[in-house]
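Could you slot chain W onto chain A? The hints should help.
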Amino acid sequence: MKFLAMLPLLAVTRSEAGLKHTSPRGGQSLPNILILVFDAFSAYHSPLYGYRRQTTPNLSRFANRAIVFHSHYAGGNYTTPGTASLLTGTYPWSHRALHIQSTVLDEFRHKNIFSLLGEKGYFRISFSHNIVAMSFLDQFRSAIDNFTNTRELCLADNYLADRLFPKDFTPAVHGESLISRRGDTYSSSLFLYELYRLWTSIQMKNLIKQYGELFPRGIPQNHNLVFMLEAAIDWTMRQLERAPRPFLAYLHFLPPHDPYTTRREFVGQFDDGWNPPPKPFHPLSDREPDQRLNQRRREYDEYIAYVDAEFGRLHQFMDRNGILNNTYVIFTSDHGELFERGVWGHITPVLFEPVIRVPLLISKPGQQTREDVHTPTSCVDILPTLLHVAGIDKPDWCEGEVLPSIAEQKPSPERTIFCLEAKSNSRYGPLRKRTVSVISGRYKLVHYLGYNGYDDQYEMYDLTDDPEELDNIYPFRKSAAADLQAFLRERLIRADRRFK
Amino acid sequence: MSSPTSPDPLRQSSQPLLADELLKEHEFASVIPFNRRIPSTRSLVYTYLACLFPIQVWSVYNLLTEVPAWLRQMTVWDVIGVVSYPETFALFESVVIFIPFVILSVLLPCRWLRDKFVALTTGIVYVSAVWFILAHVNDLTVRYWGLKQLLPWLGLFLTSQIVCFFLIHYSEKLESIILSFVARVAVLSAVYLFIDFLSVLILVVRNI
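Residue numbers (my numbering), protein chains in the order written: chain A, 15 to 514; chain W, 2 to 209.
Note that these hints are calculated values from the structure, not bench results. No residue lacks a Cβ here, since even glycine has one placed at the ideal position from N, Cα and C. Careful, some of the hints might be misleading.
Said to hold, decoys possible - Reference excerpt, derived from the structure (chain A facing chain W, CB under 7 Å, subset only):
1) H113
2) Y200
3) S202
4) L204
5) F205
6) L206
7) E208
8) Q305
9) Q309
10) R441
11) E504
12) I507
One chain only, chain A, in its complex shape (with noise of 0.2 Å):
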């Protein structure tokens, strides 16, 4: 393969000059913990969760000896309340990081997956190809042993503002992308903009003339960085090998995040005719036609293939050096990605199974069985779950639960998770403008708030009987859903409780 040749040139590791420690630290008998975040992966386009393309056979093999969450949801519908979620184990509500770019409350810089686990000794790795959830990480960062920039493993970027201001990271990660348009609005430079357009045009087309043959649907990219999975997944296998033990790694990989662009040898893989059956348009859909949502669903389950394909790639190394005897592998996502009812993308009001449904795989060090979990679970619990793993008691303001299957009590059939997205709504207010889905046992109750021409709506499904979401239930089960409406209404009115 022509890739595997360059593999060595890409593989930029200036972190690596980081890793002082090479010795194992304090707590040697705990087990190391690597957190696989592929963003925008949903588990609905995963044979594994009952998906009719075979998009992930290497994580399938995987499964096989790992503990398979089949109803696991993210905190929202796409990174910044997702991975928020995911690293301090609260919902949306109470880290408040509920807009594109933002960061946590203060008072989280402590309370998440990094400080907790560092008490323990473990050497804290993390990376991220998303600049979103680079976010988080930089908040996070004097918890993180080897912080790896998101340049370091990209084949160009245009970023500056980490590089002049590193100070003030998210403020101005803001002001540069205003100025160097990564967004619909305009520039707010009016000259040089251009000239900037102009650099960047140059750069992409020595980078197609470089790796065009291979991505011939563009080279993967996302906010200006360019950059190869390969490369990225290289640099975990030297990480794995050489970090101090015990180690906590959270990487965090754009793939199958859009735009789609795929491995050569995966184009066209799923150019197979089928469709699933149309779904009605959602009045808060941006009535995208299903002709172009097919399309896209190919395109994504195609790029799903190629991120499965340098998974299985990981998944070899740390089988073939015997990682996987003393690490806990997570496999999972921030967020989903929805092609129907005329909705494309994760960038949405709605709810539905495909934007917050996500994969979740655990494979315990040494684990040679499979286990299957459909209790519903929250990415909220992974931080306990990792507690739990290190010997740590949850604190009391984590809202998760450890997972089944690694706990020792029996999961509570009663256990109720939730799912917010409230993007158009204050950080410091109450929620007055969202989307929250409560699902608890078979039903998924969503209610929608200050949407205009879809104000104070209710949506209820019996995911048991009805996993397509086709038919809403709540006109005729409304005393059903009552119970459902009450403890939600509960929930957000202590959540809502401090920013008033």
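Frame of chain A, contents of chain W only:
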């Protein structure tokens, strides 16, 4: 502000310039001493402020569309911080745009640029500003253009600059209009300049 009867302080040629006389005596601009070839301080200040104006207006306009969203997610101090970055950049951008004109006025024969430095520089920058705003508005189209599609527009851009240059060069009336516009706009730009310096200060405070 200059009245129509009094000599315009911004009009380089209205002052008794040794450079002009020298230029008449010597065909080649290179013989004029360097310090005499730089436009007067007053012209430089007014021209700089005039150049700053469109850059700053564009920057502020785009910032204001974002500020309400930021107020929802950041503290006021952080919003001030975020705003300070593009404002500081606007200051930098205005200097980057302005300096080449000063250099050109030194390098070119005085009658080409230096004598009408304020009007010509302002005219060229403002005509360019219109083109660049059009490029921003059509960014999603322009960004996919190759050289072939870009060339005719580049030709039009250059033509408009040449037309602007000759119009200002040969029309006293147009020059006067521009000069009086510059004199007015400079006051507002001075406020923007103050905000820019404040932004620089804020960035320093936030990053120490």
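Interface hint status, R441 of chain A versus chain W (Cβ within 7 Å): 4 Å, holds
Double-check F205 of chain A for me: the hint is only fine if its C-beta lies closer than 7 Å to a C-beta in chain W. Holds - the Cβ of F205 of chain A comes within 7 Å of chain W, reaching about 6 Å at its closest.
Any CB of chain W closer than 7 Å to the CB of E504 of chain A? Where the cut-off is 7 Å and the nearest Cβ of chain W is about 25 Å from E504 of chain A, the hint is violated.
Minimum Cβ distance from S202 of chain A to chain W below 7 Å? Holds: closest Cβ of chain W sits about 4 Å from S202 of chain A, inside 7 Å.
Interface hint compliance - I507 of chain A to chain W, C-beta minimum distance less than 7 Å: 21 Å, violated
With a cut-off of 7 Å on the beta carbons, see whether Q309 of chain A makes it to chain W. 20 Å, violated
Given H113 of chain A as an interface hint, is the shortest Cβ-Cβ distance to chain W below 7 Å? Holds. Min distance 4 Å.
Status of the hint placing L204 of chain A at chain W (closest C-beta pair under 7 Å): Holds, because the Cβ-Cβ distance from L204 of chain A to chain W comes to roughly 4 Å (cut-off 7 Å).
With a cut-off of 7 Å on the beta carbons, see whether Y200 of chain A makes it to chain W. 5 Å, holds
Can the hint on E208 of chain A be confirmed by a CB-to-CB distance to chain W that is less than 7 Å? Holds: closest Cβ of chain W sits about 6 Å from E208 of chain A, inside 7 Å.
Is the hint on L206 of chain A kept, meaning its closest Cβ partner in chain W is under 7 Å away? Holds, because the Cβ-Cβ distance from L206 of chain A to chain W comes to roughly 5 Å (cut-off 7 Å).
Supplied contact hint for Q305 of chain A, tested at 7 Å Cβ to chain W: 22 Å, violated
Checked against the numbered hints given earlier, the structure breaks hints 8, 9, 11 and 12 and satisfies all the rest.
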